[in-house]
Amino acid sequence: MTGSRIPELRSPDSRISVGRFTYGAPAFRIWTADERIDIGAFCSIADDVTIFGGGEHRSDWVTTFPLRIAFGHELAERDGHPATRGPTRIGNDVWIGHGATIISGVTVGDGAIIGARAVVSRDIEPYSVAVGNPARCVRRRFSADQVEALMKIQWWKWPIALVEEFVPLLCAPDITTFIEKARRDPRIMEFNDQAQ
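Sequential numbering of the sequence shown, starting at 1, is according to the working numbering.
Derived by calculation from the structure, the hints in this document are not laboratory data.
Just so you know, nobody snuck in bad clues.
Label-pair restraints from in silico Cβ distances:
no.	residue 1	residue 2	range
1	Asp38	Phe142	21 to 29 Å
2	Trp61	Glu164	46 to 54 Å
3	Met189	Gly99	37 to 45 Å
4	Arg117	Pro186	41 to 49 Å
5	Ser11	Ala161	21 to 29 Å
6	Arg183	Glu74	53 to 61 Å
7	Ser121	Pro159	34 to 42 Å
8	Arg58	Cys137	26 to 34 Å
9	Arg183	Ala161	14 to 22 Å
10	Met189	Glu74	54 to 62 Å
11	Ala116	Leu170	17 to 25 Å
12	Arg183	Asp38	26 to 34 Å
13	Arg20	Arg183	19 to 27 Å
14	Arg85	Leu162	33 to 41 Å
Yeah, the Cβ is synthetic: ideal placement off N, Cα and C, and Gly gets one too.
With the sequences and hints as input, model every part of the structure.
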């Protein structure tokens, strides 16, 4: 990350993808070769965060214990244990608070905030604030129209020079002015058209 004072999070594993400028040191818990954890760009991940990929115990079986693995049976790890709920996806510009846990198979939408010690076991909508165990949405950060505009603008995909130019508007509470200027800027509309 050229010129940044924040060290970027590097993926420790090919099953984990991390977007540009994302920082933090989460503990990744991933069990099988085909699991995926995808984290977007510009995410802020606090200390003691755990992100799961797979590793679910089978609650529909007589036992939740992985007996085939324990005894080295032929079908071990190919019989649906450990189970998966699909890939774990964390959007762009997401802030995950201290000690939060993201369970496998969930999607945390762009711009969401996950409170400290929250346990995310269900999908979280873009630009929502979610807290608790299990995590639940306590409010939306912006109006539905503003969220729709932000999801079209997708500033996290812009060239870095353009992001840097917009820092005064990105780091301010006047979302209306940011949306208006981004919509009127021909470079942004051209970039977004090319990206699609």
